[in-house]
Amino acid sequence: MSSKDLKRQSAREAYGLKLAELGKHMPEIVVLDADVSKSTRTLHFAKEFPERFINFGIAEQNMMAAAAGMATVGLIPIVNSFSFLTTYRAADQFRTSIVYPGLNVKVAANYGGLSDSFDGPTHQTLADIAWVRALPNLCVIVPSDSVEMEKALPEIIKHDGPVWFRLCRAETPIIHKDDYEFKIGKAEKMRDGADIALISTGVALSRVMDAAGELERKGYDPMVISMPTIKPLDEKMIIHAAKITGGIVTCEEHNTIGGLGSGVCEVVSKSFPVPVSRVGIPDTFAESGAYDQLLDRYGLSVNAIVESAEKLISNKKHK
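Residues 1 to 319, numbered by the numbering used here, are exactly what the sequence shown covers, in order.
Mixed in with the good hints, there may be bad ones.
Claimed, not checked - Subject to a maximum C-alpha distance of 20 Å in a straight line, what follows is the list of computed EDC-like cross-link-like pairs (lysine to aspartate or glutamate):
(1) Lys311 x Asp296
(2) Lys183 x Glu155
(3) Lys158 x Glu181
(4) Lys231 x Glu181
(5) Lys186 x Asp119
(6) Lys231 x Glu216
(7) Lys236 x Asp296
(8) Lys316 x Asp221
(9) Lys4 x Glu216
(10) Lys231 x Asp179
(11) Lys186 x Asp160
(12) Lys7 x Asp192
(13) Lys236 x Asp179
(14) Lys47 x Asp35
(15) Lys189 x Glu171
(16) Lys24 x Asp5
(17) Lys4 x Asp296
(18) Lys218 x Glu310
(19) Lys316 x Asp160
Unchecked claim - Label-pair ranges, simulated between beta-carbon atoms:
(20) Tyr88 x Ser269: 38 to 44 Å
(21) Lys183 x Ala290: 23 to 29 Å
(22) Tyr100 x Asn303: 30 to 36 Å
(23) Pro101 x Lys316: 45 to 51 Å
Quick caveat, the hints were computed from the structure, so don't treat them as lab data. Backbone N, C-alpha and C define an ideal beta-carbon position, used for all residues, glycine too.
Generate the whole structure from the sequences, applying the supplied hints.
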């Protein structure tokens with residue numbers, strides 16, 4: 001089945017609804033927002049628990065510092081804003097006040113990647129994962145659809161320590177079933193295969209599944225792995241894929257420098273070297289436009305994934 005035939009929902013909506021549900025059972029949760037609760041969908045929590053919702057206005061740095069203080073008295077602050085604001089504008093407060101002391105703060109980085117498409121390169125966030133995965137002792141999660149976001153949120157909140165997780169603005173295909181179980185640090189094998197491994201993170205998964213179907217129609221046998229946890233990476237799954245297929249294509253809505261592709265290269269280079277082709281956004285700023293069109297234009301089309309896989313398979317055969 002093509003992703004075009006699947007039901008769509010935004011991860012941010014699933015997140016907002018689940019957050020309000022969890023708030024009923026966890027009075028220690030406090031939600032911080034920077035005047036964008038309609039966008040981040042924390043408005044659901046604010047309606048249910050106005051006394052535990054704080055709107056800081058357009059003051060992301062203050063919001064991050066306040067979250068650190070709240071965590072020191074046993075609360076579980078969940079910080080919400082656009083990804084470029086949580087990772088760039090509030091970078092110092094996030095790094096020094098939260099991650100360095102290992103405080104139990106969760107950061108919901110909304111509108112990640114190209115999904116804030118019409119607001120252009122100032123609001124698009126193509127290097128956020130590269131920055132956060134380089135911070136020691138920070139857990140980094142990038143859900144692939146609304147179901148995975150809903151399943152991941154309780155685990156994110158239960159995790160003892162700082163967590164940064166990225167959400168897409170747009171409605172995207174729902175890949176997972178309701179009985180899916182999410183575990184931090186664990187990848188999911190979506191389909192087995194022997195010719196090539198396609199390893200995906202985030203909403204690129206639907207395009208990777210479409211690419212796998214196209215590769216199968218061409219006579220190839222692709223393995224597909226979803227990698228929702230960027231840090232800690234599931235190194236066992238990556239090495240397994242390398243040993244079985246002898247070649248890996250990574251796919252992500254992020255600069256090809258510093259994200260999932262770089263992480264996979266780090267793992268295989270030290271444990272089981274195989275060729276790795278990185279599909280993602282080239283080292284460039286993008287432009288304004290419709291979301292799906294930008295994904296196609298900037299390297300994440302189904303054809304781009306298929307071509308990368310075919311080229312790598314061909315190179316393996318000629319060695």
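Lys4 and Asp296 were given as a pair; does the straight-line alpha-carbon distance stay at or below 20 Å? 15 Å, holds
Would you mind confirming whether the straight-line C-alpha gap from Lys231 to Asp179 stays at or under 20 Å? With Cα atoms ~24 Å apart, Lys231 and Asp179 exceed 20 Å; violated.
Cβ separation of Lys183 and Ala290, checked against the hinted range 23 to 29 Å: At roughly 35 Å between Cβ atoms, Ala290 and Lys183 fall outside 23 to 29 Å, so the hint is violated.
Determine whether the Cβ-Cβ distance between Tyr88 and Ser269 falls within the hinted range of 38 to 44 Å. 29 Å, violated
Does the alpha-carbon distance linking Lys183 and Glu155 stay inside the 20 Å limit? Roughly 7 Å between the alpha carbons, so the hint for Lys183 and Glu155 holds.
Hinted pair, alpha-carbon criterion (20 Å max): Lys4, Glu216. Please report holds or violated. 18 Å, holds
Does the alpha-carbon distance linking Lys236 and Asp296 stay inside the 20 Å limit? Violated. Lys236 to Asp296 sits at ~31 Å, over the 20 Å cutoff.
Taking the CB of Pro101 and the CB of Lys316, does the distance hold inside 45 to 51 Å? 47 Å, holds
Taken at face value, is the distance from the CA of Glu171 to the CA of Lys189 at most 20 Å? Violated - the C-alpha atoms of Glu171 and Lys189 are around 23 Å apart, more than 20 Å.
Agreement of Lys236 and Asp179 with the hint, judged by alpha carbon distance not exceeding 20 Å: Violated: Lys236 and Asp179 sit about 24 Å apart, past 20 Å.
20 Å Cα cutoff - pair Lys7, Asp192: 24 Å, violated
Proposed proximity, Asp5 with Lys24 (alpha carbon, max 20 Å): Cα-Cα ~35 Å, so violated.
When the structure is compared with the earlier hints, violations turn up for hints 5, 6, 7, 10, 12, 13, 15, 16, 19, 20, 21, 22 and for no others.
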